[in-house]
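Asks: Here are the chains, one letter per residue:
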Amino acid sequence: MSAVATPSGILRRRYGETMRRDAWWLGPALTVVGLTAFVLYATFIVLAVPGYFEIRLNKQDFFAPNNPAVAPYLAPFHAPLLFDEQSPHAWFQQARPSWWPTWLPFNAALLILIFPAGFRFTCYYYRKAYYRAFWQDPPACAVGEPRTSYWGENHWPLLIQNVHRYFLYAAIVFLVFLWHDALLAFRWPVLDQNTGVPTGSYTFGIGLGTIIMLINVYLLTSYTLGCHSFRHLIGGRKNCFSCPVNGMLKPTVSYRLWRFSTHLNERHQLWAWLSLFSVGFTDLYIRLCAAGIWHDLRIW
Amino acid sequence: MGKTIFRIWRGDKTGGQFREYQAEVSEGMVVLDVVHQIQATQAPDLACRWNCKAGKCGSCSAEINGQPRLMCMTRMDSLPPGPVTLEPMRAFPIIKDLVTDVSWNYRINKLIPPFKPRPPDFPDGTWRLAQEEVDRVQEFRKCIECFLCQNVCHVLRDHQMKEPPEIFGGPRFMIRVAALEMHPLDTVDRLPLLKDVLNIGLCNITKCCTEVCPEEIHITDNGIIPLKERVVDAYYDPLLWLARKVGNLLGLRKNKKIPLPTLQKNPTSEA
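Protein chains in written order, with our numbering: chain A, 1 to 300; chain B, 1001 to 1271.
Bound conformation, chain B alone:
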């Protein structure tokens, strides 16, 4: 394939710029291979996070020619001819070069109540599940937490709605909630969390998260929109609201309100 020019963003939280490198590209190489080659031959101080090089650890997320992608899964022969630009994810604070601080995502993750199954169905302490139940939530469990969906989501990327008073949980955590909320054994109601803490209403379903997902999870169609519909059931549908009121009056329903969590302060942020 010959020589290719790479324009790589170099810098840290105080600022930075693109620098050009020329790399020898051979057949079968992926972008991460080229980055390693540049590290080895031209820029030993180039920071890059990676681990498995097989599209399963979700570490090497970056923006290649402006598209959020995994560097280890982007073959060089899939890119158009000409210089290749390489940037860190733009939604998160820079640590150095291609490495960003994604710890905000872990703070959001802590807001979500964990799986709590119903009592076992059988005396031996087990449950029975049909395959179709497993199939639906299994799709969401494919997530490798590369945070490309969080990065491309314009609510987090352009509007930076990451801190109170109004935060958006982002597609990755909508998918995590979907995996729990649609689980047939789970008993926790996370709809108040979805509506008032993770603010699912801030998603305007422009589907960029689905477009960039390397695991091809149908984040919007199978996760976010079904959750939005459940929020409509619980909060916005006037007929269901009336049915609930009648149910409450007749004592058919038990209302159990649980306190909502709040986003903890970033321990590394300056006071």
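If we strip away everything but chain A, and leave its shape as in the complex, we get:
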């Protein structure tokens, strides 16, 4: 075996050096694959797919005039939909905001994706995941690192991670919109039997997409409400959940909320991955149905 000699004992390990015999590299490798795939998909949608966020009558030309939506779904990467000329989901019935430069291609997802992306980027779980997998600081527990210098989150630029709670506030607002969209996915437009054009009235209905959207928003809710910042803000910040008031010890509402959030927080990593997968899959499902590649199954 190799001998080492240093004034303080054992030498600092080189990059990747370890005595571990288990597959310590597997976790970081899977993280790289999962996060890279998601980022590539999101980038592709933002840069190359301005439309196909809902299922319209003419599947060949999404932005064709008088091309109404024939299903109530909205792809989550475009939710909330701020600008579109003809979507019933759009807040403003115009193609793009007036201040948007004409030379710059517009995609409504560009206006909103910074919020969920920022929420996940500053999330305590994802920080662990990408510090380990991408920055290799450390690659795994008790495995040598590539750099000797270290600033942690004590200095710029990573000091910005402390802004996480503000992205949480945005994520909670987004959850409201996503629940609204998921519930609207039960409200189907009634189509003319001959032409397939919406008649203007609506009926209750369930498609496979409705169930997928509902599962997606459930997973996103479990991820968001188990957030460490949420857990802190709703009760964890207190030193005393039930300090005696008039001599009575009674658990408060904030204690019950904190317990609920703690319950979700214990599986925060699981919720993070499940919701990441579900939001990507829900988006892909609706876009492929919108492009006519997949066909939505109408259950009810």
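Honestly, the hints are just simulated from the structure, not real lab data. Keep in mind that a hint or two might mislead.
As the list claims (entries may be wrong) - Cut-off 20 Å, straight-line C-alpha distance, at most; resulting in silico cross-link-like pairs (SDA-like, lysine to any residue):
| # | chain 1 | residue 1 | chain 2 | residue 2 |
| --- | --- | --- | --- | --- |
| 1 | A | Lys238 | B | Pro1192 |
| 2 | A | Lys238 | B | Trp1241 |
| 3 | A | Lys238 | B | Tyr1236 |
| 4 | A | Lys238 | B | Leu1240 |
| 5 | B | Lys1013 | B | Arg1049 |
| 6 | A | Lys238 | B | Val1232 |
| 7 | B | Lys1116 | B | Asp1189 |
| 8 | B | Lys1013 | A | Arg13 |
| 9 | A | Lys128 | A | Thr203 |
| 10 | A | Lys238 | B | Arg1244 |
| 11 | A | Lys238 | B | Val1231 |
| 12 | A | Lys128 | A | Leu35 |
| 13 | B | Lys1142 | A | Gly27 |
| 14 | A | Lys238 | B | Asp1186 |
| 15 | A | Lys238 | B | Asn1109 |
| 16 | A | Lys238 | B | Gln1017 |
| 17 | A | Lys238 | B | Leu1191 |
| 18 | A | Lys238 | B | Val1134 |
| 19 | B | Lys1142 | B | Asn1109 |
| 20 | A | Lys238 | B | Asp1189 |
| 21 | B | Lys1096 | B | Leu1191 |
| 22 | A | Lys128 | B | His1218 |
| 23 | A | Lys128 | B | Glu1216 |
| 24 | A | Lys128 | B | Glu1211 |
| 25 | A | Lys238 | B | Asp1121 |
| 26 | A | Lys238 | B | Thr1187 |
| 27 | A | Lys128 | A | Gly27 |
| 28 | A | Lys238 | B | Phe1115 |
| 29 | A | Lys128 | B | Asn1199 |
| 30 | A | Lys238 | B | Lys1013 |
No experiment lies behind these values; they were computed from the predicted model shown.
Chain A is fixed; fit chain B onto it per the hints.
Replies: Chain B in isolation, oriented as in the chain A frame:
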């Protein structure tokens, strides 16, 4: 189970090397049993710190096949087949063989102001606490000070941030601060200490401390991250900063700054 090869690091602060020993392993043995067997039959000068052999004293911390663990709580039948490597904790200076000098931790401990309760709630000099308050801080009180979390923390292990100008207190002392700071009776504000002396911001929450804790304390999720959030409340949240400023202007808040302690010089270090 038969014979097993042990590669044990032998040396002191001037250097050392791995040496191989062959040990007879029988059912139910833990790594510490094998070390004792090697001490008794092959290497009487092998240095090893131990005490309770029950996972409660925190003395026999070492690195077994590269994983920081307690030797007394690692059963031989839980290890994969093949030679077993045994090293001292790498984050701390070697004294001899498997024994390291962990006194730096005690210097850090002295920086933390002790528990100071509020005045009693009742005339008989007592307080009343609900069980849920006790549960939260009780988890942190399970710590046996084995320092495995300090050893595996890459800020201390790889970056050796143990001396000024920028030290990191390490997970064990974040947990100690959490036990005091979240205690419903305590009155001391340790957030300035956490931010500027123990430098909680140096933790990048990679959770290795939680993974190695033999007491299964959720060091990161229940201790360090909630403390980080409290530091955000006090120093980084712009809305709360504004609220404090307004509170100060209206005289609703009393600002009482206390001097921060500094890490004392190691009495055993050379000048």
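Asks: State for each hint whether it applies.
Replies: To see whether the hints hold, each was checked on the structure:
1. Lys238/A - Pro1192/B: At roughly 18 Å apart (the allowed maximum being 20 Å), Pro1192/B and Lys238/A satisfy the hint.
2. Lys238/A - Trp1241/B: 18 Å, holds
3. Lys238/A - Tyr1236/B: 18 Å, holds
4. Lys238/A - Leu1240/B: 15 Å, holds
5. Lys1013/B - Arg1049/B: 16 Å, holds
6. Lys238/A - Val1232/B: Holds, because 14 Å separates the two Cα atoms, which is no more than 20 Å.
7. Lys1116/B - Asp1189/B: 10 Å, holds
8. Lys1013/B - Arg13/A: Measuring from Cα to Cα gives roughly 17 Å; hence the hint holds.
9. Lys128/A - Thr203/A: Violated, at about 46 Å.
10. Lys238/A - Arg1244/B: 17 Å, holds
11. Lys238/A - Val1231/B: 13 Å, holds
12. Lys128/A - Leu35/A: Holds: Lys128/A and Leu35/A sit about 13 Å apart, inside 20 Å.
13. Lys1142/B - Gly27/A: Cα-Cα ~29 Å, so violated.
14. Lys238/A - Asp1186/B: Distance of about 12 Å is within 20 Å: holds.
15. Lys238/A - Asn1109/B: 24 Å, violated
16. Lys238/A - Gln1017/B: Not OK: Lys238/A and Gln1017/B at ~51 Å, beyond 20 Å, violated.
17. Lys238/A - Leu1191/B: Cα-Cα ~14 Å, so holds.
18. Lys238/A - Val1134/B: 13 Å, holds
19. Lys1142/B - Asn1109/B: This hinted pair holds, its Cα atoms lying about 16 Å apart.
20. Lys238/A - Asp1189/B: 13 Å, holds
21. Lys1096/B - Leu1191/B: Measuring from Cα to Cα gives roughly 38 Å; hence the hint is violated.
22. Lys128/A - His1218/B: 15 Å, holds
23. Lys128/A - Glu1216/B: 19 Å, holds
24. Lys128/A - Glu1211/B: 13 Å, holds
25. Lys238/A - Asp1121/B: Measuring from Cα to Cα gives roughly 18 Å; hence the hint holds.
26. Lys238/A - Thr1187/B: 13 Å, holds
27. Lys128/A - Gly27/A: OK: Lys128/A and Gly27/A at ~12 Å, within 20 Å.
28. Lys238/A - Phe1115/B: 17 Å, holds
29. Lys128/A - Asn1199/B: Holds, at roughly 18 Å.
30. Lys238/A - Lys1013/B: Distance of about 46 Å is beyond 20 Å: violated.
Taken one by one, the earlier hints fail for this structure at numbers 9, 13, 15, 16, 21 and 30, listed in ascending order.
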